[in-house]
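Enquirer: Fit chains C and A to the known structure of chain F by using the hints.
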Amino acid sequence: MTITPADIFHDLEKIRETAPLVHNITNYVVMNTTANALLAIGASPVMAHAVEEVEDMASIAGALVINIGTLSHDWVQAMIKAVQTAASKKIPIVLDPVGAGATPYRTETAKALIRAAAPAIIRGNGSEIMALCDAGRTTKGVDSTSGSDQAVSAAGALSSDIGCTVCITGKTDYIVSADHTMTVKNGHPMMPRVTGLGCTATAICGAFASVNADFDKAAAHAMAVMGIAGEMAVQAATGPGTLQLHFIDALYRISKADIEGHLKV
Amino acid sequence: MTITPADIFHDLEKIRETAPLVHNITNYVVMNTTANALLAIGASPVMAHAVEEVEDMASIAGALVINIGTLSHDWVQAMIKAVQTAASKKIPIVLDPVGAGATPYRTETAKALIRAAAPAIIRGNGSEIMALCDAGRTTKGVDSTSGSDQAVSAAGALSSDIGCTVCITGKTDYIVSADHTMTVKNGHPMMPRVTGLGCTATAICGAFASVNADFDKAAAHAMAVMGIAGEMAVQAATGPGTLQLHFIDALYRISKADIEGHLKV
Amino acid sequence: MTITPADIFHDLEKIRETAPLVHNITNYVVMNTTANALLAIGASPVMAHAVEEVEDMASIAGALVINIGTLSHDWVQAMIKAVQTAASKKIPIVLDPVGAGATPYRTETAKALIRAAAPAIIRGNGSEIMALCDAGRTTKGVDSTSGSDQAVSAAGALSSDIGCTVCITGKTDYIVSADHTMTVKNGHPMMPRVTGLGCTATAICGAFASVNADFDKAAAHAMAVMGIAGEMAVQAATGPGTLQLHFIDALYRISKADIEGHLKV
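Chains as they are written, first to last, in the working numbering: chain F, 324 to 588; chain C, 324 to 588; chain A, 324 to 588.
So here's chain F without its partners, still in its complex pose:
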């Protein structure tokens, strides 16, 4: 099983044509970046975190993206309510367990969210995915200390357990299901020097999951578009500051030819 430029572009066109509403409950650091990335790719982002409205907002969304990067008590309550609503309406949930493993609070919150409603896709770095499996607890802040490779078997177990797609991003991205693993090898070493590109990858998974119910493919397509846009952006950038903006431009402009020319699986 693999992904093709034609399939990726098919989903991308669907996003651009239908502008799916992606409801984000995400961290303060990346709200602007992820909203811009979703708009650039053609989706319609909304941020809403009040317990008073998360049910209403999640109910009208094409996907719900939950990111625990800057947690606090009220936000966790709202996240729980939102994922339960989304699950009851069969709206796909994408979870980013930012910093799981760095503090018990983050690890426990991520696990509580998974128990409240099974995500369609979990996307994290190697350390974070391993923390969810109790396979290690070595996250340094929000940066990974585990090689992605080491985390793949943990991801397989997590995927079997929950019945979801697990996406580990790093130099190689692994999209792991109970019975198979796909890889995406696009991207550039400067990308981790831009804050929130992991969170953006999660949000883009939300956009793809809203148009493709095969969540393995949705996640892989999202990772391919992220990586290719990153490679395109690096051409125009003089460092991580300008990379951040050229990356948004690349998401906006990315064409079938760009995907055909760059895709590495």
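Incorrect hints may appear among the rest.
All copies of an identical chain are treated as equivalent in the list; a pair is satisfied when it fits inside any one copy or across any two copies.
BS3-like mimics (lysine-lysine), calculated; alpha carbons at most 30 Å apart, straight line [claimed, not checked]:
{"id": "1", "residue 1": "K494", "residue 2": "K337"}
{"id": "2", "residue 1": "K404", "residue 2": "K434"}
{"id": "3", "residue 1": "K494", "residue 2": "K508"}
{"id": "4", "residue 1": "K413", "residue 2": "K587"}
{"id": "5", "residue 1": "K579", "residue 2": "K434"}
Simulated from the structure, these hints should not be mistaken for laboratory data.
Expert: For chains C and A alone, coordinates are given in the frame of chain F:
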């Protein structure tokens, strides 16, 4: 009644010379963008949302900008307190009812804020303005589903009712009072692909309202400067990412000649 | 006592090699900017503000940066807990008293934080530093109304009282201790037109304090790198919008030759 380049530039110069303090209680997504836009145009932005300090901060401001893009209970309390303080001190209030119509919580909060103290200017997209008038409830997330044109009569009713300027932004911007309507036709189709430019328009209304007590003109001048800066920025941009930054540069550089050369009413 | 290009570059290399974890409890406006600045310089930023996890996160950090730009009750509680934890583990604390003097709430919170645990470095503009000494209360929003020069004697008293380094930024930056003062004269007049560069300076102090226990030098090295990166960025910028991104690029690229060529003390 219309606006002229000379009048727009007069207000702009006044902002640049006096650096009015604009107190924003706004959403997480756009705080950085709106602060940068206000600085670029020559104003002095401050963000403060604690109930413990909003009265003190609103009291020393030239304008108060309230934006409900990422609400929660405590923030609503602070917004109410801030608008009451501003009203008691005759400090103009500009309200952005982000996502009114998308959830009852947003619609009700926007209405409660209006009841607490009449804004000088309400700025929103067509759906949001109609939601405030109970003329429709069709907002999809935070993006408009109503043509601006459809919303103009609703805006007229709202303006009469509250006694404020209502500014509907879209392809054409409508600045609506009880008895007349002005239009501004500047801007570029790529602008809605940058998150928070609507919120930025609201913040810029605050800067203009702090130097011009004719709030119809203040709003129209703000929309003209926004649209012209957007057109200038598009020349240098390769997509919505770079547009966001070149837009800030254009706000910083915009001259009388730029306004004379671009203004479309 | 002064600073040298060799010493500055030595610290910078140490940051780049060890990627110290810098724990930030900072304001919403600048979270993205400061995270990107810390990543660009080679540090590993994390943002975490929940009372449930600040002790765990502060405990594993190389430095703790506290910024009161957008306060509220729960955040203040978390800040107090975080500084007490950091102090007990001998982790250097850097405090940015944003807007001290503008409202009593900010002034009192900044003083309460200092009482809870002595910072290694306090960085602010002239008005803010004077507000901490009760030497004046003239802050307009978050922008300084005092010349840096006027604030130097207040800073000396504050430094003696607390036993910390006080860093006043402005046209000239003053790094003040009980018994001596250093200056850094780098930077560019366009820099204050970018929101949050003061907050970024504070965060960069955190990175330097994590690798150099001489906090006077750490603060001065941070100011030199900020100012030089700003000068480099202005060359490529067409206004404050593009400056913000080129500044991040400059932090990423800054070399020993850049420091040697630009340093003004």
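Enquirer: Which hint numbers doesn't this structure obey?
Expert: 4 and 5
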